[in-house]
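Each chain, written out:
Number of protein chains: 2
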Amino acid sequence: MAEPASGAASERTKVRRSAKRGVYDRETIYSILDEALICHVGFAVDDQPFVIPTIHVRVDDKLYLHGSTSSRMMRRLGEGSAACVTVTLLDGLVLARSWFHHSMNYRSVVILARGSAVTDREEKALVFRALVEQVVRGRADDSRAPTEQEADATAVVRFSIDEASAKIRGGPPMDTETDMELPHWAGVVPLALRAGAPLADPTLAPGIVTPKYALDYRRPSNGV
Amino acid sequence: MAEPASGAASERTKVRRSAKRGVYDRETIYSILDEALICHVGFAVDDQPFVIPTIHVRVDDKLYLHGSTSSRMMRRLGEGSAACVTVTLLDGLVLARSWFHHSMNYRSVVILARGSAVTDREEKALVFRALVEQVVRGRADDSRAPTEQEADATAVVRFSIDEASAKIRGGPPMDTETDMELPHWAGVVPLALRAGAPLADPTLAPGIVTPKYALDYRRPSNGV
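Protein chains in written order, with my numbering: chain A, 1 to 224; chain B, 1 to 224.
Chain A on its own, in the form it takes in the complex (with noise of 0.2 angstroms):
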């Protein structure tokens, strides 16, 4: 995999291991980020890690987070503690003809960042319409955009995807020579996140039909 000019790698987020996986396009980070409905945030507090899982949000360069304003991440957050935001997708399972080659096939990004407040009220209200258009697209203008209330209550915080990389494995296994005669299966069993059919709201009005978004749910860019 190339590494362009607009590579956001820093020495912090080479990829140190099988460094053949690495990929530092922006193209590529943002597909990713893009097509993840969740990334893990790490946050340390008097020097113990959490990792809490959260909804995020790519606008151009800057990746946001939301929450509660009284939640202890997005304070810390918030306050532009050191914070590490990963997101991973899995496409596969690696079947190896040895268990020490079994892997997974997946992509996934980390960032590194300190992160900002946004206290902006147009700032905010962009990031809440692209936030429910990240994860469905379509449902942002066939639902109720936040009250002024709604809005305070809820914390937003932007970071720079500047310190990012990407790490992606495909294919099939890659055995050892001396293995090949070995009388095992090996490939890949291919894998991904799927809707099922639509569940309607027990108290939904009768008349409301499913929306097409709904019924035909799918992410961008994810085919098994």
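Honestly, I wouldn't trust all of these hints.
Which residues of chain B face chain A? A partial, calculated answer using Cβ under 10 angstroms [said to hold, decoys possible]:
#, residue
1, 49
2, 51
3, 55
Keep in mind the hints are simulated off the structure, nothing from the lab. Remember, it's a predicted structure, so these values are computed and weren't measured experimentally. Idealized CB from N, CA, C, for every residue including glycine.
Fit chain B to the given chain A structure using the hints.
Frame of chain A, contents of chain B only:
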């Protein structure tokens, strides 16, 4: 959700936000750990948190990670650096009538622990088998076990699952009373990690049939 005597929560792992979503019984925590294919591990280097995806396996009340002996993460974890291991299963998109009440259905576990490097060969051998079986049940006996050299090149770290908590959201959206008259569809789009048709290694010898565990692959208790 109940909090039985077997609970493993501490002051640090107590679910702070949405306390009604916190569950702490070991059975629930174990079932989430066992269903998940990967975890996200948090550790710090010079005050910078890192969050790295990796495979885990639970054996009784221990959680094991593995990696290259030359991996910085494995070294840090094996030294007993404060760590956080988080596992998240996405079960659905919760589409409420308001943006504010949009949510996800999920099951997650957060474990705080300091790891210990496993050096005992027998314990390592058990863990290697458990790791393969955790990913694909039935695969360990249908592929080659590690050589001594491969075992020596693989670091294993053990964590006690003592300080742990689970967080679960399930069911329909929870809209506010005043939104119930809105004309928007509301409900859940179920999500699950699904396997596609296995892809045989291009170098697979003719006559080796695709095993049933690859053809019918699914996670334990992964139901949409």
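**Q.** Enumerated hints in conflict with the structure, sorted upward
**A.** none
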